[in-house]
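Enquirer: The primary structure of each chain is shown beneath.
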Amino acid sequence: MPKKSSGALIEFDKVVAGYTHLTVLNEMTLDARKGEITLLIGPNGAGKSTVLKTLFGMLTPRSGEVRFNGEVINGRTPRQLLAEGMAFVPQGRNLFGSLSVLHNLELGGLHLPKALLRERIAEVMELFPRLKQRTDSRAASLSGGEQKQLEVGRALLVKPEVILIDEPSIGLAPIIVQDVMKLLRKLADSGKSVLMVEQNVRTALKYSDRALALEMGRLAVDKPAAELLDDPNLNRLFLGGHANK
Amino acid sequence: AQVVELSGGGTAAGSQYRNGAKLAINEINAAGGIMGKKIESIEMDTQSQPAIAKAMTVKAIDEKVTAIFGPVFSGSILVSQTESQKANIPNFTGGEASNVTAQGNPYIFRSSFNQSMGMPKVANYMATDLKAKSVVVAYVNNDFGKGGRDAIVKELGARNIKVAGDISTDPGQVDMSSAVLRIKQANADALFAYLNEEESARLLKELRKQGYDKPMVGETTLMGAKVIELAGTAANGVRGHVGLTADAPAFKDFSAKYEKEFKAKPDHNGIKGYFSAYMLKAAIEKAKSTDGKAIAAAMKNSCFKVKDNPGILLDVCFDDKGDIDRESFLVEVKNGKQEVTAMLPMINKH
Amino acid sequence: MSILSVRDIKKIYGAIQAVGGVSFDVEPGEILGVIGPNGSGKTTLFNSILGQIKPDAGKVEFEGKDISGGSPLELSRLGVGRTFQNLQVFGKLSLRDNLILAAQEHTGTFWGRMFASPDNGFADRAQEMLDLFRLNHVADLPAGSLSYGQQKLVDIAMAFMPKPRLVLLDEPCAGVNPSLVDGLRELLVELNKKQGGSFIVIEHNMDFIMKLCHRVVCMVEGKVLAVGKPEEIQGNRAVLEAYLGN
Amino acid sequence: MTDFMQLLLSGVAMGAIYAMAALGFTLLWQAAGTINFAQGEFVMLPAFAMLIGMSMGLPLWASFIVAVALSILVLGAAFKKWIVDPMRGSGVVSVVVATLGLSIGLKSFVKAGYSAEPHPFPSIFGDEVFKLAGVTISYSDVGALVFAGLMVVGLQMFLNKTITGRAMQAVAQNTFSAEALGINVKRMIFYTFAINAILVSVTALLITPTYLAKFDMGDNIGLKAFFAAIIGGFNNSRGALLGGILVGVLENLAGAYLTPAYKDGVALVLFLAVILVKPDGLLGTPQERKV
Amino acid sequence: MKKTTLLSTQHLALLTLALLAMCFAPALLKTYGLYLLTLWLVYVIAAMGLNLTVGYAGLKSLCHAGFMGVGAYTVAIMMKAGISFWIASPMAIVICFALGLVIGFPALRVQLHYLGFATLGFNLLLVLFFRNEEWLTGGTFGIQNIKRPDFFGVSLESNTSFYFLVLAITVIFGVLLALLLRSPWGRAFAALRDNPIRAESTGVNITAYTLMSFAIGAAYAGIAGALFAPLVNFIEPAPFGISNSLLFLMMVVIGGSGRFYGPVLGAAIALLLPEYLRFLKDWYLAVFGFTAVAMMIWLPGGLLSMKEAWQLSQAKRAAGQKQIAEVAAAATAKGATA
Ligand SMILES: Nc1ncnc2c1ncn2[C@@H]1O[C@H](COP(=O)(O)OP(=O)(O)OP(=O)(O)O)[C@@H](O)[C@H]1O
Ligand SMILES: Nc1ncnc2c1ncn2[C@@H]1O[C@H](COP(=O)(O)OP(=O)(O)OP(=O)(O)O)[C@@H](O)[C@H]1O
Ligand SMILES: [Mg+2]
Ligand SMILES: [Mg+2]
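Chains as they are written, first to last, in this note's numbering: chain A, 33 to 277; chain B, 70 to 419; chain C, 224 to 469; chain D, 6 to 296; chain E, 6 to 343.
Just so you know, the hints here were simulated from the structure itself, not pulled from any lab data. Just so we're clear, the structure is a prediction, and the values are computed from it rather than from any experiment. Watch out, some of these pointers could steer you wrong.
As a list, the in silico DSS-like pairs of lysine-lysine whose alpha-carbon atoms are at most 27 angstroms apart [unchecked claim]:
no., chain 1, residue 1, chain 2, residue 2
1, E, Lys35, B, Lys155
2, B, Lys91, B, Lys190
3, E, Lys35, B, Lys133
4, D, Lys191, A, Lys191
5, D, Lys191, B, Lys278
6, D, Lys136, B, Lys283
Simulated restraints on C-beta separations [stated by the list, open to error]:
no., chain 1, residue 1, chain 2, residue 2, range
7, A, Lys214, E, Ala314, 47 to 55 angstroms
8, E, Ser13, B, Asp131, 37 to 45 angstroms
9, E, Leu278, B, Glu132, 16 to 24 angstroms
10, C, Met224, E, Ser13, 49 to 57 angstroms
11, E, Ile92, D, Lys86, 50 to 58 angstroms
12, C, Tyr236, E, Ile92, 28 to 36 angstroms
13, B, Lys374, D, Tyr262, 37 to 45 angstroms
No residue lacks a Cβ here, since even glycine has one placed at the ideal position from N, Cα and C.
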């Protein structure tokens, strides 16, 4: 099996992974580079979220290698990866419902020094004014979009080296989507890396460096984002049928 | 076989009974058994549930036992005695409820007084010794307490003593303050309390706390060793009638042996178990047979003397229903000890 | 007569006025869009109309019948379907069962269903939906194990199973692949044309809303900021500022 | 009137006891999302540990310290490791049944291994009583109330005002995100059970003089404590105190002025009244928004 | 619903075999064994009912022993009054059904442990009623000498004939339950368990189904009680207390809640395992308790989940899936129901 490292930040080398009764990723090979926003797109059920979960140690690959900074990270736990500067914003609901907005944010930055944490929380509140208005409300009482804002804000608190973010635009108003994208862009420009899954493809492509399209657990397209945006076949990529037979 | 409560609500009583019987059986076997044969004993837990008691009884019968000891709880006996009756197997019980022997079962034998026989003695005591004109009755709301309450109320009525209050408590009740309050409010000449040991101890403590100063009278379970241990000084001054007490001279030896063996003081249930085993021995020896019919016949309407059968501890007589008669005691708790103040003779002259 | 008429709905949570007096009508065969910033009260409005929560004030009429205070159950029986912003599927049931379930209570009687055939006659319709949403290959998996987008599609399919006359969709496109978003739009248009079904759609996907809807309501801070044709709303300065950005 | 005050007071003292036991339930619910049907037995075990300690000649306070240490080890660490950890993610009902089995097991274990009989237990406050306006009060009544109050306030502060306390709640509400945020889930769960172990030890120390050390002493405590916890509000520690005292007082009043036969039903009737009017309990926060 | 046939051939064969074995069992057993077998069947009927309420409809009911008590007392009291068992037992079912409707009401307000304790409380009330209303229930003395019924003139007094009566009733009620679960009702119950909010907005009358699941479950307990009374010949409040309600829950969950044969196995474990452990003397209940804990740890989904649990562990090994993904799945499932 070839074990040549391309020098990319994140690499999947013929990774096979999936769930109890189902293999989702079939010898998936892909990579993401430092200082870039890498966009993962594909039909529903193609395995995009599975890629992120595998990367973040929530699924262990059955075969193949996952590398981070050139190091094989198969089998590491989320805690270890967090310590190495990776952060993950999963799809779906991931808040502590009966804790307040402020306390949810605090728990996102448990390991930051107190003063810094306060500063970062203030920054997040600035970015999402809606959260500021609801500082002391229980997270569960927020609207769908407010909850998403809180989740994204919570992950950004620690300014991770690599952020894995699964469909941040779900439920967000267009203005906020723009804000989040701009923020991610700013992070990438400052040398951090972003691996993003999005269905809101046209908007996301505008802010991304590279686009990877998945289809049935395989990498179908790997192109610079700008190129793909102009590709007349863009739509075809989404018609790619079912993830698994 | 011993079919007794080793778990569930009747655990404490059942364990005592079992221990007592075990002690006796070991002694008998050590001394060569009955008519030269060793006794084999099986222990079965009824979980204090009649349905299981029944299962255990039929299991014992399936295994062709000579006699069955227990259960102690009246409800369970009612079920198990129909089975043992069908199989012609003598059944010794520790239960006191009147209805146990009212079924006309020729194979049931008590090891303690029927409540309707013990209560007259208590009532007499309250009427003559205490000269009480009114009595407040506190009882535990289970078959044991309820049966005792019904019996005493009847006896008090017969002696023209007013029942000034009728207070029920729950099995396992922890807080006795409302019960004690009601007792005080009844303002009777004396209190008659008929509860299980644990609850008796709590009641006595609460009576002491609230400064109750009238005579406190009870039966076996109000002044047993366990109650005194649990209630401490609050038990002082309690008096009443007991059928069996580990503190009476006749039981001193037994007490010592029991404590040595089980690291705990025996109570009346322990004595009952011990007595039952020796009683069986006496009956078999009298009948010269291990056949159930013969054993039962040997016991009905007959008396057994301690001088012939030391293990039975006191002279006893059975009537035709299986009710037991023997001497009993008036006792009072003084300085944390039960003292026997008087011996009461058997009710009927046999 | 309008199919749905909403009058002065109010809902207050402590210090927050989630919905502050919203009124509008939906004409038969109309597709109405509802847009607005996060937390502007859109979902709360839906929940108030559908009886999922009890509004503090207001009146709702469906086909001329007062349904204020009605339960979600009654509305469903009357022919009003809905989808949810958050995933709401029957996670342990198979996808097919999810679909059948969504329709089975709409025919026969309560006691009759005790003796009815297991699928109550909806197997074919369920199959139709599975084909339509390209979910055939996962039809017998528990719905809880599907991907986010797939679950979202199940939710939408469920709303259409009993052939409702009015459907309230809460962000149907969120997390759904763009190709299916187009398909969904075509489906809605077709249902609307053929069967005259009416829809109210909450969406943050402007492309979808503007192409699909006959009329759009923009809410801000629990109040209606603007109502009008998609073009009008798109050009409305206030809407641009509060919601769309540029 | 004196009678009434006497009842009220005894009720409050009893209620404080219920509250202490209820506190454990609310803790495990808030911080571990678990319901422990063996909580009564968790109180019984330290009681016996202290009893054994004293029978070996240790003074009460030393036995208490030993009991606390043992509790943390057995009811904290071992319970977490062997029961809670393997059962994470298997649903509340399975955990409930496991703790039911544990309750049967522990009871029978103590019965078979120690004794089936009740044993007296000394009170740290002694047996003395004093009179106030005609009402007899014992020092242990007052002590129980004070301790219960302190424990409730302490726990409430810890859970809501410290970041560790909130992290513990976070773990109970959403283990997945807690893990994704780098919260040390296992440690938080251990804290929860260790605190519970201390709680039950203190409870045992305070209530055993009244309840008596007996293998099945947990039955009664467990049930009443549950009702108390729900009446007060399961997701609020202060609720446990309020609920406990309400149950204690009303039980006493019903026992004295209504019918003692249905005294045990009082907690239940109160409970039903509360959940029908305010399903989250008197002090509980409302449920989360549903859709 | 993929299956078109009612039962697979394999299933049918096993079932026939089991039934045959049950028919020949009395020939091989002594009184004790037969009694235990009959008691087990009675518990199976009750546990099947609870499985409907708890396992299929997801409502945590802890009043089952209480319902069984109502059934038992109904039959006992009516038979004492000279009314035939064949009238008394349908009455027991009807009364329990009605009581189930009443006790189901809190389930419309509260869920999960709240509901569990509301129903536990009802059980407590029922026991207090049995104990205190002596005029009707015999109070703590109970009701004695309950006769076993005749069947068209044939006495079922003997242990064997009564066993066959109970067996026949168990099979009939088992089949009825299976049919119910196959009908749209079965799916509606599952919807109730999975996501009541979604269920209501798809037209599922959650009020009606909640109450029915309670009432039908209670009716099963009622018939179990109606058989229990003549089986033991004696009833008193104790067997209908909360500890037995908890034991019923244990049966359902240990066997496999929401699985048809779960209660059959669960009742066997809860009733027969302690019997087999009796050779341990004083320790047998302790061992039983700890065994139950171990079983739940090993198979949280109940014994019948053994096959799946094994497949799962194999598949998991193959897929290299971690615990945490399970947690994630659980979280999404919870998110979907919350
Ligand atoms: N927890 C799970 N258990 C079992 N199967 C799962 C689980 N999660 C996802 N799957 C399956 O794995 C496949 C890929 O899912 P994944 O979530 O990676 O898709 P996705 O590309 O993120 O889709 P979407 O755009 O809808 O979010 C799907 O077919 C889905 O059914
Ligand atoms: N149960 C509740 N308790 C407290 N506040 C609530 C509750 N439900 C909604 N809110 C508040 O009401 C406001 C409106 O919420 P709603 O969900 O209707 O917004 P929305 O327009 O649907 O937003 P989004 O686009 O983000 O979904 C929000 O600020 C929300 O926090
Ligand atoms: Mg995804
Ligand atoms: Mg919304």
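Enquirer: Now look at each hint and say whether the structure bears it out.
Expert: Here is how each hint holds up against the structure:
Of the supplied pair hints, the one linking lysine 35 of chain E and lysine 155 of chain B holds, its CA atoms being roughly 15 angstroms apart against a limit of 27 angstroms. With a C-alpha separation of about 31 angstroms, the suggested pair lysine 91 of chain B and lysine 190 of chain B falls outside the 27 angstroms cut-off, and the hint is violated. Restraint check for lysine 35 of chain E and lysine 133 of chain B: the C-alpha separation of about 12 angstroms stays at or below 27 angstroms, so the hint holds. With a C-alpha separation of about 25 angstroms, the suggested pairing of lysine 191 of chain D with lysine 191 of chain A holds against the 27 angstroms cut-off.
Of the supplied pair hints, the one linking lysine 191 of chain D and lysine 278 of chain B is violated, its CA atoms being roughly 48 angstroms apart against a limit of 27 angstroms. Taking the CA atoms of lysine 136 of chain D and lysine 283 of chain B, the gap is about 20 angstroms. The hint holds against a cut of 27 angstroms. Hint check: lysine 214 of chain A to alanine 314 of chain E, Cβ distance near 49 angstroms, so the stated range 47 to 55 angstroms holds. Between serine 13 of chain E and aspartate 131 of chain B the beta carbon distance is about 40 angstroms. The supplied range of 37 to 45 angstroms therefore holds.
Between leucine 278 of chain E and glutamate 132 of chain B the CB atoms are about 21 angstroms apart, so this pair conforms to the stated range of 16 to 24 angstroms. The supplied range of 49 to 57 angstroms is met by methionine 224 of chain C and serine 13 of chain E, whose beta-carbon atoms lie about 55 angstroms from each other. Distance hint check for isoleucine 92 of chain E and lysine 86 of chain D: the Cβ-Cβ separation is about 57 angstroms, which falls inside the suggested range of 50 to 58 angstroms. Checked against the given bound of 28 to 36 angstroms, the beta carbons of tyrosine 236 of chain C and isoleucine 92 of chain E, roughly 57 angstroms apart, lie outside it.
Restraint check, lysine 374 of chain B to tyrosine 262 of chain D: a C-beta distance of roughly 55 angstroms breaks the suggested window 37 to 45 angstroms.
The earlier numbered hints that this structure contradicts are 2, 5, 12 and 13.
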